[in-house]
Amino acid sequence: MNLTLKVWRQSGPTDAGRMVTYKVEDVSPDMSFLEMLDVLNERLIVEGDDPVAFDHDCREGICGMCGMVINGVAHGEQRATTTCQLHMRHFEDGATITIEPWRAAPFPVVKDLVVDRSAFDRIIQAGGFVSVPAGSAPDAHSVPVRKEDADSAFDAATCIGCGACVAACPNGSASLFTAAKITHLSLLPQGQPERLTRAKAMVDQMDAEGFGGCTNTGECTAVCPKGIPLDTIARMNSDYLQANKK
Amino acid sequence: MKFVEGSEIRDTRAPEGPIEERWEKRKFAAKLVNPANKRKLNVIVVGTGLAGGSAAATLGELGYNVKSFCYQDSPRRAHSIAAQGGINAAKNYRGDGDSIYRLFYDTVKGGDFRARESNVYRLAQVSVNIIDQAVAQGVPFAREYGGLLDTRSFGGAQVSRTFYARGQTGQQLLLGAYQALERQVAAGTVQMFTRHEMLDLIVADGRARGIIVRDMVTGEIERHVADAVVLATGGYGNVFFLSTNAKGCNTTAIWRAHERGAYFANPCYTQIHPTCIPVSGEYQSKLTLMSESLRNDGRVWVPLRKGDDRAPGDIPEDERDYYLERIYPAFGNLVPRDIASRAAKNVCDEGRGVGPGGLGVYLDFRDAINRLGRDAVEKKYGNLFEMYERITGENPYDVPMRIYPAVHYTMGGLWVDYDLQSTIPGLFVIGEANFSDHGANRLGASALMQGLADGYFVLPTTIGDYLAAGPFGEVDEEAVAEAELKVRSRIERLLAVNGTRTPDSFHRELGRLMWDHCGMERTEESLRKALERIPELRKEFWENVKVSGTAEELNQVLEKAGRVADFFDLAELMCLDALVRTESCGGHFRAESQDADGEALRDDEHFAHVSAWEYSPEGVPVLHKEPLEYEYVKMTQRSYK
Amino acid sequence: MASSNGKKAVMAVTGAVMVGFLLLHMLGNLKIFLGRESFNEYAHALRTLLEPIAPYRSVLTVLEIILVVSVVLHMWAAISLARRARQARPVKYVAKKSQAGGYATHIMRFGGLTIALYVVWHLLDLTFGVVNPKGFDSAPADRMIAGFDPSRWWVTLIYLVAVVMVGLHLRHGVWSAFQTLGWANRARYKALRATASLVSAVLVVGFLAPPLAITFGVVK
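Residue numbers (numbering that gives the first Met the number 0), protein chains in the order written: chain A, 0 to 245; chain B, 0 to 640; chain C, 0 to 219.
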């Protein structure tokens with residue numbers, strides 16, 4: 000396959016940035032999207048150019064490090080797939096592909112396609128945990144948990160924190176990410192004592208980071224590589240409103 | 000490569016007496032740190048996986064002043080997150096005869112009698128606390144309808160002691176540790192440094208006193224001093240370039256610590272996982288593991304005839320070789336990882352492999368689908384089949400999967416005593432980065448157990464014994480400056496070469512060399528060849544590598560180049576270690592040491608020891624042997640026939 | 000209330016008030032089918048609600064105040080959330096493709112604005128009679144029938160567009176309110192979406208019936 004790539008290049012946080020066009024030839028349909036970029040980068044390095052910086056690590060769809068907006072869609076059009084698991088066989092020979100970083104004020108561009116997602120860590124710091132110091136836990140079987148609750152909690156807990164939800168949201172909202180954690184812990188008995196304070200603190204932190212508000216458009220869940228369901232946001236809202244009543 | 004044999008080395012920290020009392024005794028004997036003093040004691044933890052994340056969080060909870068470092072953009076991304084199968088614990092919730100002693104026994108035996116009994120027993124003891132801790136944190140383990148935790152049997156174990164959270168156990172456990180860590184960041188006890196890479200260890204007055212790091216965003220070289228340093232930087236499987244590790248996994252932190260005096264134990268012990276998706280082309284950047292559970296229902300086979308290139312569906316039953324069932328009738332497709340891997344390699348070496356380059360074997364679900372129905376198979380393995388199809392474009396319901404072994408885990412690592420302290424006082428090493436608990440072969444679902452045992456329960460106790468004598472005062476400025484200068488000059492050197500080959504192209508070549516000569520099967524000849532070739536390649540690297548960009552920016556090429564440079568040195572030590580250990584044991588198979596049936600043959604008379612290597616700047620490493628004694632588990636030869 | 004979630008809740012609650020108003024308003028409109036008298040009586044009854052306990056028009060005024068406050072709060076929340084959204088994405092995408100239909104994204108803010116403009120016209124026409132042929136000092140039913148006279152087909156057209164817009168707005172808005180107030184979950188999604196569609200459809204049909212009937216001469 001031969002492809003034309005239009006890639007966002009930005010040398011640093013203060014650079015204005017621009018789209019740059021590259022040709023990539025002899026792409027195998029069995030390559031992953033990132034391997035295709037590896038091939039481009041190997042060539043750029045040898046030619047003395049700056050390779051395209053992008054985040055990636057596990058390359059098996061679980062670490063949440065990779066992520067780029069491909070042809071206008073976070074992680075590309077293949078559903079429930081991270082960028083690293085997207086393969087070139089889904090593109091046409093001769094196609095032009097635009098590649099951009101996640102765009103949101105709370106995710107400033109570090110370089111090219113690399114963005115700073117530390118805002119997510121700070122949302123977790125605000126309350127995305129159960130306060131239980133090591134060594135203080137009771138026996139695991141002392142509190143049974145309904146299987147349905149454990150399964151639903153897992154569905155929310157499977158979030159990989161990649162930020163595609165923010166990238167896709169027309170409002171730049173981090174609601175799906177925040178709601179996933181709130182829902183995960185809110186569904187389990189272990190999460191009950193801090194349920195309301197957690198929801199309030201995390202939502203307030205989300206606001207403080209400068210993310211937009213949710214308008215329930217569903218763009219987030221549509222691009223989410225782990226398919227985090229939209230009703231997590233309803234649960235977050237419910238916990239948040241309850242917390243504010245008190 | 001030359002080496003010399005040095006004095007014997009011994010663990011002096013494990014107490015004497017009955018094995019089940021040793022950890023209690025050690026905990027009681029360990030000096031305590033006055034709570035008011037903890038705040039004044041600084042601890043650096045490098046790495047935020049299961050071991051590092053849980054350790055940093057727990058040390059913060061105890062009141063120490065912690066600095067935590069990771070190279071990723073968030074501590075939540077460490078590669079522990081990718082572990083699929085589960086975590087072992089001797090809870091015996093099933094009443095199926097499991098016990099701490101049985102987990103201990105299985106681990107020692109599974110490790111092919113190359114692990115320390117005291118350590119393994121403690122691991123089995125602590126395993127039960129891990130599950131309690133994780134559940135209390137809200138880790139959504141699989142449950143049964145009664146609301147209690149579900150467990151399964153894993154990796155050929157005869158008891159169901161593996162707790163799991165679908166196929167994402169590592170993720171869920173890591174997020175638990177990550178959340179505990181972020182809680183401490185919020186509490187102000189832990190200071191987090193993301194996108195920071197450790198490039199050297201500061202050793203002053205015989206103690207580990209800090210690290211030199213590079214801020215990967217600005218390129219700034221920073222000094223961080225402390226009273227103790229904990230390395231939790233994972234394994235070094237990426238020395239093979241292609242492995243199931245994350246792309247960023249590297250040996251730099253432990254290798255630099257090794258250069259500063261920490262002994263490196265059993266570097267040649269690598270685990271090759273039998274069920275990975277095969278390489279599809281030259282561009283391949285990593286290998287993806289398919290859960291071992293697939294072997295419960297899939298049948299492994301290759302064509303009987305060499306070079307048979309018919310489509311798998313066209314090959315009749317009597318022209319298929321279900322080789323695992325043929326060679327190991329008792330265990331069949333469920334033989335342990337090392338055995339399944341080597342058998343796959345053998346049939347491919349015979350020219351009977353399938354797929355691109357003949358490097359693959361079939362894992363066929365046809366019979367399972369016929370027997371159980373497609374729905375039942377989908378329920379059990381649906382997500383794995385989907386993942387396979389996403390990567391290969393082939394549908395495993397119609398065509399058999401192709402699998403091939405891939406490097407997965409490294410049992411070797413920095414030598415530590417019972418306290419998890421290395422040979423440098425004040426340098427502690429935990430998780431996959433140390434060598435301690437798995438011997439020559441790790442059992443499935445034991446890596447998560449060890450990482451969390453070290454981080455939540457063992458290290459926080461033992462490090463107190465060391466820190467009780469602290470704070471250790473000002474750090475000698477000369478030592479800090481020397482380490483910083485070394486880091487800076489190395490970066491300058493890498494940038495100055497300005498050759499024509501990328502770091503990745505060297506890494507690929509090194510990886511290929513290691514896979515061919517120090518991979519699933521090692522011979523004296525192959526190892527000698529590798530030991531000849533590695534220095535040549537390293538020389539070429541330092542003369543011809545091309546690192547674009549500058550040191551004062553985000554520069555992924557520079558990061559990569561530094562890591563590859565360390566892989567060269569490590570690769571050499573691995574080959575040397577593999578050459579010296581002329582026996583076969585666990586993940587280390589020396590072709591010269593096999594029985595009449597081609598099975599691994601241990602040599603307990605000469606090799607019942609840990610090989611701990613001391614670095615020598617002159618290139619003549621010193622081998623220190625730690626004799627292994629088995630008081631509780633009698634040494635036997637493994638057999639799966 | 001200052002948080003983005005608080006504002007969303009404000010939008011949901013004020014939206015619910017307005018939906019309630021619309022349903023009553025629609026029922027009232029339908030009285031036109033029972034004749035001019037019936038319609039005028041209804042209009043009068045609104046002003047004399049709870050008389051003589053409450054003075055003339057007092058209840059209606061209170062209701063109007065609640066309604067106006069709702070409108071203002073709804074718009075305030077919408078505007079500040081839109082501004083927040085704009086600040087959250089200072090650099091736009093070169094290429095952007097919706098994966099969820101893009102319906103809500105486009106219809107809510109644009110639609111809301113259209114509806115607001117229409118409401119101004121609507122008040123001038125049928126409430127204050129400023130742009131109505133019959134003027135302010137006329138019976139409500141006369142204003143209504145004159146307003147949608149076949150000769151003023153374009154007024155009917157404006158009305159039709161606006162009512163459809165309201166329907167589209169509510170199709171997402173009602174469902175979104177359930178979600179915002181935390182009443183939605185996976186099991187209820189289908190039912191809630193259906194409720195939202197039903198409410199929208201009823202309102203659209205109910206509001207369109209009188210003017211269309213007048214324009215086409217069914218009601219004279």
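In case anyone wonders, no lab produced these hints; they're calculated from the structure. Any given hint could turn out to be false.
Facing chain C, from chain A, some residues (calculated, C-beta under 10 Å) [claimed, not checked]:
(1) Ser141
(2) Cys168
(3) Phe210
(4) Cys219
Derived pair list, reagent style DSBU-like, types lysine-lysine, alpha-carbon separation capped at 35 Å [to be verified]:
(5) C:Lys96 x A:Lys22
(6) A:Lys5 x C:Lys91
(7) C:Lys95 x A:Lys5
(8) A:Lys244 x C:Lys189
(9) B:Lys633 x A:Lys146
(10) B:Lys379 x C:Lys91
(11) B:Lys108 x B:Lys633
(12) C:Lys95 x A:Lys22
(13) B:Lys26 x B:Lys108
(14) B:Lys528 x B:Lys379
All C-beta atoms, glycine included, are put in the ideal place defined by N, C-alpha and C.
Here is how each hint holds up against the structure:
1. Ser141: 28 Å, violated
2. Cys168: 8 Å, holds
3. Phe210: 6 Å, holds
4. Cys219: With Cβ-Cβ at 8 Å, under 10 Å, it holds.
5. C:Lys96 x A:Lys22: Satisfied, since the Cα-Cα distance of roughly 23 Å is no more than 35 Å.
6. A:Lys5 x C:Lys91: Satisfied, since the Cα-Cα distance of roughly 16 Å is no more than 35 Å.
7. C:Lys95 x A:Lys5: Holds: Lys95 of chain C and Lys5 of chain A sit about 14 Å apart, inside 35 Å.
8. A:Lys244 x C:Lys189: 29 Å, holds
9. B:Lys633 x A:Lys146: With a Cα-Cα distance of about 42 Å, the restraint between Lys633 of chain B and Lys146 of chain A is violated, given a limit of 35 Å.
10. B:Lys379 x C:Lys91: 43 Å, violated
11. B:Lys108 x B:Lys633: 9 Å, holds
12. C:Lys95 x A:Lys22: Holds. Lys95 of chain C to Lys22 of chain A sits at ~22 Å (cutoff 35 Å).
13. B:Lys26 x B:Lys108: This hinted pair holds, its Cα atoms lying about 26 Å apart.
14. B:Lys528 x B:Lys379: Given that 35 Å is the threshold and the Cα spacing comes to 45 Å, the pair is violated.
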